[in-house]
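All chains should be built: construct the whole structure from the sequences, respecting the hints.
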Amino acid sequence: MIAVSDLRYRYGDVDVLDGLTLSIPDGQYCLLVGPNGSGKTTLVRHFNALLTPDTGTVTVDGTDVTDDPVVARTRIGMVFQHPRDQFVAATVAADVAFGPENLGLDRDEIDRRVETALDAVDLGGAADSRIDALSGGEQARVAIAGALAMEPDYLVLDEPLVGLDWPARESVLDHLDALAADGTGIIVVTHDLRDLHERADRLVALQDGQVVLDASPAEALDALPDLGIRDPRC
Amino acid sequence: MLSYRPGSTLAHRLDPRSKLLVQFGLAIAAVAHPTLPWLVGTTAFALGTLAAARLSPLAVLRSYRVVLAVLALAPVVAGVALGPPWFRVDPALRSALHVGRILPVLLVSAAYLTSTPVRDTRAAVQRLIPGKPGQILGIGMALVVRLFPLVLADVREVRDAIHARGGEARPLRDRVRLLAVRSLERTLDRSDRLSVALRARCFAWNPTLPPLSFDRRDYPVLAVGIALSVSPLVPV
Amino acid sequence: MATEQSVDLVDDDTVGLFTKAVLLAALTAALAQISIPLPGPLVPFSLQPFGMFFAGLVLGPLWGGVALLLYILVGIAGAPVFSNANAGLGYVIAGQGTGGFLVGFLVGAVVAGAIAHRSIAPKPVAALSVPVQVVALTAAVLVVYAIGIPWMSFVTGLPLTRAATVMAPYIPPDLLKLGIAIAIVQGGYLAGR
Numbered sequence: 000m001i002a003v004s005d006l007r008y009r010y011g012d013v014d015v016l017d018g019l020t021l022s023i024p025d026g027q028y029c030l031l032v033g034p035n036g037s038g039k040t041t042l043v044r045h046f047n048a049l050l051t052p053d054t055g056t057v058t059v060d061g062t063d064v065t066d067d068p069v070v071a072r073t074r075i076g077m078v079f080q081h082p083r084d085q086f087v088a089a090t091v092a093a094d095v096a097f098g099p100e101n102l103g104l105d106r107d108e109i110d111r112r113v114e115t116a117l118d119a120v121d122l123g124g125a126a127d128s129r130i131d132a133l134s135g136g137e138q139a140r141v142a143i144a145g146a147l148a149m150e151p152d153y154l155v156l157d158e159p160l161v162g163l164d165w166p167a168r169e170s171v172l173d174h175l176d177a178l179a180a181d182g183t184g185i186i187v188v189t190h191d192l193r194d195l196h197e198r199a200d201r202l203v204a205l206q207d208g209q210v211v212l213d214a215s216p217a218e219a220l221d222a223l224p225d226l227g228i229r230d231p232r233c
Numbered sequence: 000m001l002s003y004r005p006g007s008t009l010a011h012r013l014d015p016r017s018k019l020l021v022q023f024g025l026a027i028a029a030v031a032h033p034t035l036p037w038l039v040g041t042t043a044f045a046l047g048t049l050a051a052a053r054l055s056p057l058a059v060l061r062s063y064r065v066v067l068a069v070l071a072l073a074p075v076v077a078g079v080a081l082g083p084p085w086f087r088v089d090p091a092l093r094s095a096l097h098v099g100r101i102l103p104v105l106l107v108s109a110a111y112l113t114s115t116p117v118r119d120t121r122a123a124v125q126r127l128i129p130g131k132p133g134q135i136l137g138i139g140m141a142l143v144v145r146l147f148p149l150v151l152a153d154v155r156e157v158r159d160a161i162h163a164r165g166g167e168a169r170p171l172r173d174r175v176r177l178l179a180v181r182s183l184e185r186t187l188d189r190s191d192r193l194s195v196a197l198r199a200r201c202f203a204w205n206p207t208l209p210p211l212s213f214d215r216r217d218y219p220v221l222a223v224g225i226a227l228s229v230s231p232l233v234p235v
Numbered sequence: 000m001a002t003e004q005s006v007d008l009v010d011d012d013t014v015g016l017f018t019k020a021v022l023l024a025a026l027t028a029a030l031a032q033i034s035i036p037l038p039g040p041l042v043p044f045s046l047q048p049f050g051m052f053f054a055g056l057v058l059g060p061l062w063g064g065v066a067l068l069l070y071i072l073v074g075i076a077g078a079p080v081f082s083n084a085n086a087g088l089g090y091v092i093a094g095q096g097t098g099g100f101l102v103g104f105l106v107g108a109v110v111a112g113a114i115a116h117r118s119i120a121p122k123p124v125a126a127l128s129v130p131v132q133v134v135a136l137t138a139a140v141l142v143v144y145a146i147g148i149p150w151m152s153f154v155t156g157l158p159l160t161r162a163a164t165v166m167a168p169y170i171p172p173d174l175l176k177l178g179i180a181i182a183i184v185q186g187g188y189l190a191g192r
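Chains as they are written, first to last, in numbering that gives the first Met the number 0: chain A, 0 to 233; chain B, 0 to 235; chain C, 0 to 192.
Note that these hints are calculated values from the structure, not bench results. Careful: at least some of the hints might be erroneous.
Unchecked claim - Rough simulated footprint, nothing fancy, chain B against chain A, three-plus residues with beta-carbon under 8 angstroms:
no.	region
1	42-51
2	82-90
3	102-112
To be verified - Sample of chain B residues facing chain C (criterion: CB under 8 angstroms; computed from the structure):
no.	residue
4	Leu-1
5	Val-98
6	Ile-101
C-beta: ideal position from N, C-alpha, C; glycine also.
Shown next as structure tokens:
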């Protein structure tokens with residue numbers, strides 16, 4: 000379980016997170032929504048100690064993530080908005096291997112994890128492809144595979160669908176469904192709920208650094224326009 | 000341009016570390032003695048490396064034609080005199096001999112480039128340089144190779160955007176300043192995103208090193224590399 | 000097999016400096032491919048020195064040096080990063096007699112960084128005084144020629160004075176680049192970094 004307690008984080012003169020409390024149980028498919036500047040990205044970057052709280056705590060199964068960032072970053076895989084800026088190698092398999100290499104695993108284990116991760120996103124045949132030659136949707140899937148190779152319990156995706164066309168979007172979402180069905184917790188940060196609200200278990204809306212809505216997506220939809228988020232049914 | 004081509008020649012099958020040593024060793028040896036017999040010897044050796052990579056010497060010379068054409072001007076420049084006899088042969092010959100020493104270095108580096116993928120050189124650097132410097136340079140090389148095309152596209156986009164808004168009409172100073180500053184900003188934005196991504200993936204000082212295998216056939220090559228590196232100590 | 004406890008994470012500040020060095024190496028490579036044709040008999044105006052300028056000012060002597068060293072290493076490894084998409088150790092040593100200028104850029108970045116920051120750890124560019132930055136950039140250009148011209152003389156067998164004469168046409172554009180770099184510093188365009 001990821002547990003966030005009374006988290007505060009200031010950037011310049013702004014309270015980006017203003018005493019936020021939230022917990023996400025294992026295996027949940029959770030949407031994190033809110034207008035720009037509501038603190039979504041800042042919040043998830045605390046989950047794996049990419050940011051350090053001013054006050055408050057973030058724990059994963061009881062361990063404070065700032066005490067053990069390696070465990071936090073292994074258990075919580077993160078995929079960012081601009082896949083092209085997060086790849087470290089020119090070819091697919093070399094990039095996916097980067098995380099496991101940092102864990103110091105032996106080569107056979109790394110190869111096994113790369114193969115499993117690429118199979119999970121249906122890119123098993125593209126191991127030796129050049130990343131820049133892939134489509135946007137395939138690049139997003141390579142980024143997901145890079146996170147999966149750490150064998151995380153949770154996958155956090157920050158605006159993973161921006162700039163993808165409809166088929167690529169559907170394909171990425173279908174792969175997330177399959178991972179969720181296998182028990183991986185999925186946390187999607189987004190301001191666009193189209194195609195997402197039927198898939199998730201839970202919707203958490205942020206505004207000004209606080210949780211203002213926490214419900215099942217079906218229950219939450221009617222309240223969204225008041226929060227400045229488009230109702231995906233319209 | 001010369002670049003890596005997959006293949007199974009002897010040069011392809013060697014470990015990049017022994018190839019790097021031979022390449023640097025030959026460069027040291029080649030410039031050590033500007034004499035004709037020495038030049039003939041190093042050139043013959045360099046032709047041998049081309050054979051090991053199954054490269055045609057003529058094709059290699061053709062791909063270096065701009066470099067060679069400019070270098071060939073050096074003896075002419077050296078020989079020109081500002082008074083009678085207007086051209087002096089001795090300094091021209093001396094320069095020709097100096098420039099000639101460069102030829103084997105260029106040939107061997109062609110053999111290396113075409114037979115060694117960039118990731119192998121990166122792996123060699125990471126393994127040859129111990130500790131943190133090796134890790135920084137090894138991973139750094141992989142990242143630069145990965146990001147260079149993206150940054151080049153950024154810079155071209157910035158240049159085109161300046162043109163599209165009538166930038167040619169502005170003085171050169173302004174154009175260059177805009178291009179340099181805007182390109183730098185975009186580059187550093189990429190750096191911020193990359194650094195978060197590296198941290199999220201546990202970027203560590205002590206990762207599993209990229210695989211390389213030093214084979215039995217690499218030992219004689221290694222010995223040749225060492226011999227070349229110390230050859231300037233041999234009196235000629 | 001190593002356990003996860005033994006993972007020695009690179010600290011956050013170092014990751015930030017490292018990725019900046021990587022990106023400035025890529026920027027140096029990109030700028031080396033861009034040149035602005037000038038009218039008449041003038042040599043084309045290459046933007047390559049700006050990589051050295053920025054690396055020294057933004058990153059200081061150590062990481063600025065790492066940036067230029069990475070640039071040269073990926074070129075030796077075969078990436079087409081030198082002017083006109085050249086690569087290889089042969090090009091670093093010889094070039095068109097101009098190989099020494101690549102090494103000059105490396106030393107120039109270290110010298111500019113050392114003068115501007117006077118410590119290994121870089122300060123924010125806004126904290127550097129403008130006159131010191133001007134001195135740093137000027138010194139970097141002098142270093143490039145101080146290494147490039149003797150190197151050319153060594154490679155080509157030309158006497159030093161003659162090698163210097165051959166390079167003379169490049170000096171006015173390089174002074175112009177220095178002036179532009181100084182204008183960038185004085186205009187505060189790097190102050191956010």
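Hints and how they fare:
1. 42-51: holds (count 3)
2. 82-90: Satisfied; 7 residues make the cut.
3. 102-112: holds (count 6)
4. Leu-1: With a minimum Cβ separation of about 7 angstroms from chain C (threshold 8 angstroms), the hint on Leu-1 (chain B) holds.
5. Val-98: Holds: closest Cβ of chain C sits about 6 angstroms from Val-98 (chain B), inside 8 angstroms.
6. Ile-101: 4 angstroms, holds
No hint from the list above goes unmet by this structure.
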